[in-house]
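Protein chains: 2
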Amino acid sequence: MKNYAELWTAYKERKSNRDCRNLRKICLPETEASDKTAENAVNELKAGLKGMLDIEPEIVFGSKVTSKPVTDGKSILDSEEYSISLIEDGINIAAKSSSAILYAVFDILRTVACEKDITKTYADGKTVRPSNPLRMLNHWDNMDGSIERGYSGESFFYVNNEIVIDERTRDYARLIASVGINAVVINNVNVKQAASYMITDRYFDKLSQLGEIFAGYGIRLFLSLNYASTIEIGGLDSADPLDENVISWWKDKMAEVFKKIPTLAGFLVKADSEGRPGPFTYGRTQADGANMLANIVKEYGGIIIWRCFVYNCRQDWRDRKTDRARAGYDNFMPMDGDYHDNVILQIKNGPMDFQIREPVSPLLGGLKKTNQMLEVQIAQEYTGHQIDVCYLIPEFKEILGFKTYCSEDKDSVADIISGDTFNSRYSGMAAVTNTGNDFNWTGNYLAGANLYGFGRLAFDTGLSSEQIAEEFVRMTISQDETVVKEILGILLPSREIYERYTSPLGIGWMVQPATHYGCSVDGYEYDRWGTYHRADHLGIGVDRTDKGTGYALQYNEPNAGIYNSPEKCPDELVLFFHHLPYTHKLHSGKTVIQHIYDSHFEGYEEAQQLAAKWDQLKGKIDDEVFENVRERFERQLINAREWCDQVNSYFFRKSGIPDEKGRQIW
Amino acid sequence: MKNYAELWTAYKERKSNRDCRNLRKICLPETEASDKTAENAVNELKAGLKGMLDIEPEIVFGSKVTSKPVTDGKSILDSEEYSISLIEDGINIAAKSSSAILYAVFDILRTVACEKDITKTYADGKTVRPSNPLRMLNHWDNMDGSIERGYSGESFFYVNNEIVIDERTRDYARLIASVGINAVVINNVNVKQAASYMITDRYFDKLSQLGEIFAGYGIRLFLSLNYASTIEIGGLDSADPLDENVISWWKDKMAEVFKKIPTLAGFLVKADSEGRPGPFTYGRTQADGANMLANIVKEYGGIIIWRCFVYNCRQDWRDRKTDRARAGYDNFMPMDGDYHDNVILQIKNGPMDFQIREPVSPLLGGLKKTNQMLEVQIAQEYTGHQIDVCYLIPEFKEILGFKTYCSEDKDSVADIISGDTFNSRYSGMAAVTNTGNDFNWTGNYLAGANLYGFGRLAFDTGLSSEQIAEEFVRMTISQDETVVKEILGILLPSREIYERYTSPLGIGWMVQPATHYGCSVDGYEYDRWGTYHRADHLGIGVDRTDKGTGYALQYNEPNAGIYNSPEKCPDELVLFFHHLPYTHKLHSGKTVIQHIYDSHFEGYEEAQQLAAKWDQLKGKIDDEVFENVRERFERQLINAREWCDQVNSYFFRKSGIPDEKGRQIW
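So the protein lines, in turn, are chains A and B. 807 is the number that our numbering gives the last residue of the first sequence; the numbers go up by one with no jumps. 807 is the number that our numbering gives the last residue of the second sequence; the numbers go up by one with no jumps.
Be aware that a few hints might be false.
Taking CB as the label site, the calculated pair distances span [stated by the list, open to error]: (1) B/GLU698 x A/GLU415: 51 to 61 Å; (2) B/ASP307 x A/GLY376: 32 to 42 Å; (3) B/GLU743 x A/GLU415: 33 to 43 Å; (4) B/ARG804 x A/ASP378: 18 to 28 Å; (5) A/LYS153 x B/GLU303: 27 to 37 Å.
Sample of chain A residues with no beta-carbon within 12 Å of chain B, all distances over it, derived [said to hold, decoys possible]: (6) SER226; (7) ASP307; (8) SER379; (9) ILE437; (10) ARG461; (11) ARG465; (12) ARG467; (13) ASP552; (14) ASP663; (15) GLU666; (16) ALA701; (17) GLU747; (18) ALA753.
These are computed hints drawn from the structure, not numbers from a lab. Every residue, glycine too, gets a C-beta built ideally from N, C-alpha and C.
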């Protein structure tokens with residue numbers, strides 16, 4: 142017995158397709174004998190069909206393909222495209238790389254696992270091309286084993302500052318490759334302590350092994366880089382990107398690193414952010430910093446992913462002119478076009494920090510001459526710590542579908558990050574992952590839907606939230622139609638329910654400082670983080686219009702005009718952009734205050750309904766899964782009640798306006 | 142050079158009294174040759190007079206005294222009384238114990254250190270009898286070296302779970318004996334980890350040595366006891382005070398402990414409090430728990446000090462009936478008279494927890510048949526962390542002077558804890574100490590005035606705050622009249638200034654949770670600690686009258702009637718007892734809201750004035766002392782500004798009532 146679940150790669154017995162003749166023979170393109178990825182693909186196929194259907198297929202090799210993933214820009218997509226078609230008594234897979242073969246295999250296994258009819262599914266042939274070149278997980282794992290914002294146990298990469306490579310490492314690679322992930326950053330973006338020594342002899346051997354394992358599943362290894370390495374491990378007194386000594390140190394270091402870790406694909410850098418060092422310290426631009434490194438790693442095919450999470454985290458709460466929401470755009474737009482072609486700017490989905498509802502970052506659709514990657518967070522930092530159920534794919538779908546008006550057509554976020562809009566060399570999606578060494582990987586078993594879903598969505602942004610959720614449930618919990626329906630009924634509305642019982646109308650941030658779990662309406666109101674609701678006895682919200690901080694004008698028209706107007710702004714974001722009286726009428730016809738009361742009472746009630754739905758599943762699904770989620774629902778309801786009562790009490794006490802429906806407010 | 146200051150026992154050169162003939166010969170009562178305390182007294186006298194005046198006095202021994210401190214009840218006071226009178230060419234000390242001789246010696250040295258004329262001071266003879274039998278410091282030192290609520294470095298008693306005995310240990314004993322302390326609890330009341338093993342072989346040798354050192358300065362050694370020792374170190378499965386196995390274990394244990402630590406005077410116990418185990422766990426009363434232990438330690442002359450800090454720390458903030466303020470009285474009054482005569486109940490000065498302003502606990506003046514000790518806190522947990530200057534002696538004076546109406550006369554708190562009111566066997570004052578291994582012992586040099594002052598006040602509750610502060614300044618900083626005047630001008634109003642810029646009108650608690658430093662108006666409002674201000678858009682305060690929680694009625698009349706009435710209740714406590722509209726007129730003529738604005742603006746301004754006063758002292762006092770306090774004033778002003786602005790903004794935003802004076806509110 143493994144001490145962790147294999148989730149959707151468990152390959153337990155399935156009923157459908159047992160008699161499918163096409164599954165008896167699978168034809169693959171020929172690969173080099175030494176191709177690990179192809180070998181893994183074949184093994185996976187055999188294990189999956191054996192486990193689920195007790196079928197031992199004949200494997201037939203056909204035409205030759207490139208054995209290594211192609212890593213230069215658009216060709217990632219070319220190389221990862223695959224086709225599956227039925228042939229007489231068999232299935233044919235066409236693909237240009239062994240990674241693509243792997244994805245085709247997982248496609249077939251998914252079809253079987255979901256008990257969909259193989260012959261119907263592939264009757265007309267199926268060709269799939271990934272939506273995004275890079276589909277990446279960012280681990281915020283620290284080398285002491287802790288995980289920043291981790292809610293699923295400790296790291297499975299590190300114990301006591303050592304890298305651990307074992308069976309779980311390989312199964313992790315299988316697990317994420319099976320949903321289409323092709324890149325992983327294995328250490329926290331806040332690089333400190335032992336992690337600063339990642340790029341030294343101390344860890345090269347292990348990293349090289351890890352990179353090999355990942356490569357066998359089409360996954361590129363990235364490291365988070367300490368921007369101040371020249372000082373912290375290099376013995377220099379500067380990290381100035383224009384300093385010759387600094388540049389020279391990095392040249393030697395990168396030559397060493399790429400030699401010692403041949404599979405290394407590049408680095409993720411958080412600089413000048415929340416106390417981390419960066420080029421600003423030396424009066425240089427973000428582009429100076431990113432380009433210096435990009436210039437050096439280019440000859441090794443390396444990529445520099447540079448995070449745009451740069452803002453003043455020492456704001457005075459009295460200051461109403463500075464606006465954290467503006468910071469990303471203000472800091473990065475002026476240098477659009479200055480970044481080297483192997484630099485990618487990684488942009489959080491919203492301008493703040495993974496709140497349950499934010500407008501899309503105006504950098505997406507702002508930047509036109511810069512490689513861009515969208516960063517989302519499946520670690521539920523502000524969305525319930527994997528205690529509360531919060532299926533985030535509907536949110537990601539909204540973000541991807543957001544029309545930025547940055548060009549005549551192909552102007553959605555999905556278009557931009559796919560590389561289509563601006564014909565970008567590198568682009569894609571990254572998620573701060575929700576994994577840890579818990580038995581079920583994600584703390585709450587249902588949080589697995591976010592891990593599964595992120596990968597699937599990044600691979601194919603055309604999939605719907607429902608489709609993804611249904612796949613997850615069928616592959617990991619049950620094929621029973623009632624069970625599937627009930628769990629979809631829990632997952633699909635869960636994000637909006639979480640939103641309803643927490644922070645209303647896009648205002649965000651009313652959380653316990655530091656932990657970010659649980660309600661504290663004023664928790665950040667008088668603090669230095671730029672995160673304020675500005676509520677007084679008359680109204681609430683932040684004026685980010687042309688009369689306020691001007692943030693709304695960072696968007697392209699017509700978005701700018703819509704957000705700038707309290708009448709046109711969508712309800713769900715109205716307090717993000719406007720300071721409004723409690724008596725202001727929303728599009729819904731409700732006043733702001735009544736919306737606050739209604740949504741909180743409803744959200745709490747709906748959370749109770751979700752829990753009750755889950756309780757109905759007792760005996761119908763695996764006991765361990767049932768109990769895991771049930772126990773978390775218990776905590777979710779305590780949390781939801783506190784949010785409901787605290788938020789309502791706070792605003793009733795402040796506004797003095799009673800609930801129209803006369804419900805209990807404390 | 143020692144790596145710590147000797148503060149008021151430094152004995153630096155003095156100018157006055159250099160020609161005083163009386164200091165050439167000091168006559169003492171005869172003591173036994175082996176009497177360590179007498180030996181220490183003589184050595185101290187010689188060192189002090191040599192250091193301050195370059196005088197080497199002749200020491201003449203007279204009549205015999207009891208060599209050991211007498212520990213049974215009232216006789217502590219008898220034994221510690223001393224008289225000092227002038228004789229021809231000398232001074233005569235009369236005393237019934239060597240501790241009393243020591244106190245007389247420190248009296249003379251204090252007179253010299255303050256440059257008061259010896260011949261005038263003692264012209265008519267001076268007889269001093271301590272006000273309180275027990276004058277105790279409670280260390281919240283943990284054995285890992287940390288100090289709970291410690292703001293002066295680490296523990297000087299413990300390093301890495303070992304007891305350290307060195308020169309500083311002895312100098313600590315000198316330091317506190319010199320101000321009249323005669324009892325010390327050396328470990329945190331929250332007994333856990335290694336501290337649970339204090340009563341085992343592991344620490345007996347060191348504790349025995351420590352007890353000897355303390356005894357040499359008239360100081361009784363106490364330990365905090367883990368009530369659950371039977372379980373944690375005894376291997377039993379119960380701590381039920383009526384369980385025969387439990388009783389039998391304690392009998393054996395206490396026999397061992399008192400044998401191995403012969404100087405041990407007894408134990409302090411925090412039971413059934415904030416998660417600590419206690420008799421309630423077994424359905425027993427607090428008296429059951431205390432008496433069981435007291436019964437056993439009695440034959441060794443031991444005392445059990447039982448803390449009354451018992452309340453429900455899992456309150457629901459929605460619950461307006463439960464009142465933490467009531468808990469001490471509700472839990473301890475019903476058993477008044479049931480406690481053994483070697484039990485002392487240790488009662489925090491207020492019913493909550495060391496806020497800057499609380500009413501006096503109604504247990505003081507409630508309990509009539511129980512030994513009582515007043516607990517105050519000189520560790521500035523809620524009063525500025527020894528960053529903000531907050532001279533607490535004026536507060537302690539108010540508490541001691543509080544008329545409880547528990548008897549016809551002698552009904553003040555000072556009377557009760559002296560033992561006079563109810564002719565108690567054991568009683569006195571304890572302070573949670575503010576010491577640590579910082580060079581100056583108390584973090585902020587001026588916080589030394591609280592350590593000095595607590596001892597002096599506990600020894601003589603008749604001393605005034607001014608007198609004590611002046612002694613401290615003269616003995617440790619300067620004899621310069623301007624300097625003395627300026628520092629008194631800083632110390633004396635500092636508590637009321639701290640009160641003004643923090644929480645108004647007795648409401649308390651608007652602090653950052655966990656750290657207790659800095660403002661967070663709603664920090665505890667929706668939490669489980671029973672600490673609420675109940676502010677809404679119309680008013681603020683907790684109704685503790687007969688129409689509310691009834692707490693006010695726990696007092697004797699006329700106090701109960703006064704507190705119960707919003708008209709009669711003193712302004713400074715009015716929000717502790719009443720929920721009042723912001724427009725309610727105080728005795729001062731101001732409305733509640735205007736009082737909030739005024740006091741906060743004034744408090745911040747006054748804090749700036751204190752800092753400016755201190756700046757004037759540059760060059761006039763020791764540089765290190767100057768810089769230590771200056772740096773803390775810098776931080777105090779940041780703190781005071783945040784309090785002022787956050788509290789004013791919070792209540793302006795909530796009430797919508799503008800400041801009459803139109804000052805800037807954010």
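Output the indices of the hints that this structure fails to meet, ascending. 4, 5, 10, 14, 15
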